[in-house]
Structure formats: C-alpha cells, structure tokens
Amino acid sequence: HWKVTGGCVDARGVGEAVAFVLNRAIPAIEAYKASEQSASEDCYDLLARLNAGRVQFWRSDPAADPLQRELQAQARHTRYEISGHDKMNLVKPQGTGSTGLHIDGIKALTYIHRAIVRPPGSGVFDLYEAEAERLKGGAR
4 HWKVTGGCVD
14 ARGVGEAVAF
24 VLNRAIPAIE
34 AYKASEQSAS
44 EDCYDLLARL
54 NAGRVQFWRS
64 DPAADPLQRE
74 LQAQARHTRY
84 EISGHDKMNL
94 VKPQGTGSTG
104 LHIDGIKALT
114 YIHRAIVRPP
124 GSGVFDLYEA
134 EAERLKGGAR
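Here the sequence shown stands for residues 4 to 143, numbered as in my numbering.
Please keep in mind that the hints were generated in silico from the structure rather than gathered at the bench. A virtual CB, placed ideally from N, CA and C, is assigned to each residue, including glycine. Hints are not guaranteed to be accurate.
In silico EDC-like cross-links for lysine to aspartate or glutamate, where the CA-CA straight-line distance does not exceed 16 Å [what the hints assert, rightly or not]:
hint : residue 1 : residue 2
1    : K90       : E39
2    : K95       : E73
3    : K36       : D107
4    : K95       : E84
5    : K139      : D89
6    : K110      : E84
7    : K95       : D107
8    : K110      : E73
9    : K36       : E19
10   : K36       : D13
11   : K139      : E84
12   : K139      : E39
Cβ-Cβ distance ranges computed for the label pairs, FRET-style [as the list claims (entries may be wrong)]:
hint : residue 1 : residue 2 : range
13   : G140      : N26       : 26 to 36 Å
14   : E84       : E33       : 21 to 31 Å
15   : W61       : E39       : 30 to 40 Å
16   : A67       : Q40       : 37 to 47 Å
17   : T99       : N54       : 24 to 34 Å
18   : V7        : T99       : 16 to 26 Å
19   : G108      : W5        : 13 to 23 Å
The task is simple: from the sequences and hints, build the whole structure.
So, in structure tokens, the structure goes:
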C-alpha cells in the first residue's frame, strides 16, 4: 500500500473540495490553483523534463492497458500555444471531431514538479529549472 507523504491536487472547481479533504489527512498535499504565469512555468518544466529524458512511461501492451491507451491518445491531440511573447499554455482540441477529447492526463503531468519532494540544498533539481528557463528564454 502506498504511503503518500505529499503531492499536488488541482484545486479548481470540484478539485477544491478534494484538495481540502486530502490536505486535512496529509498536510503536505498542495492545493494548487494555477495562474497564467504558474501554468506556463508548469508547461516549461514538463518540457524540460521530457527533453532531459526524466519522464518515462511504464512498459505494457497498449492493447491490454486502457490507461496507457488513453494517455497516449491525449498526448497525440494535446497542443500548446505561446502568448504574450513567452507564456506557454496547453490547449484542448477544438472543432470537428474533437467532441469527447480531453487533455486531463497530460495537464496532470505538468504538475509533476509540484509533487516531487525537493530536499533542501539538492542541486539536481536546479538542472531542470535551468533547462526550463532556457526553453522559456528560447521562445522569445
């Protein structure tokens, strides 16, 4: 059984009540309400982790694993926009054929750095933050 010591919950909408209940049980659960700026930082952080090979998925047969199939499908149709010169945002599919498509799994991946416990003085995370900043600067 998992011994959860912390994490991150999207605290918008119905997630606010979920985050409240979880935070009462596990105080290290972060109730996160993204702003335009923090959502952009989340996207750049995920991109840096992907580019560094630090996000990997389990090996299984997609035909036999509906969760993996769903995540792969979401990854295929997730798009991003750059606005305001350097703000990145994930966008849901729109238009013909987009009914029922969503990007919740991919959006959840952007919170990965918020769920990682960072030991004080640990320099390994500085690498990801530097790569995220480099990518953000490169979008200008």
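Hints versus structure:
| no. | hint | result |
| --- | --- | --- |
| 1 | K90 to E39 | holds (8 Å) |
| 2 | K95 to E73 | holds (15 Å) |
| 3 | K36 to D107 | holds (15 Å) |
| 4 | K95 to E84 | holds (11 Å) |
| 5 | K139 to D89 | holds (6 Å) |
| 6 | K110 to E84 | holds (14 Å) |
| 7 | K95 to D107 | holds (9 Å) |
| 8 | K110 to E73 | holds (13 Å) |
| 9 | K36 to E19 | holds (9 Å) |
| 10 | K36 to D13 | holds (6 Å) |
| 11 | K139 to E84 | holds (13 Å) |
| 12 | K139 to E39 | holds (14 Å) |
| 13 | G140 to N26: 26 to 36 Å | holds (35 Å) |
| 14 | E84 to E33: 21 to 31 Å | holds (26 Å) |
| 15 | W61 to E39: 30 to 40 Å | holds (32 Å) |
| 16 | A67 to Q40: 37 to 47 Å | holds (41 Å) |
| 17 | T99 to N54: 24 to 34 Å | holds (32 Å) |
| 18 | V7 to T99: 16 to 26 Å | violated (41 Å) |
| 19 | G108 to W5: 13 to 23 Å | holds (19 Å) |
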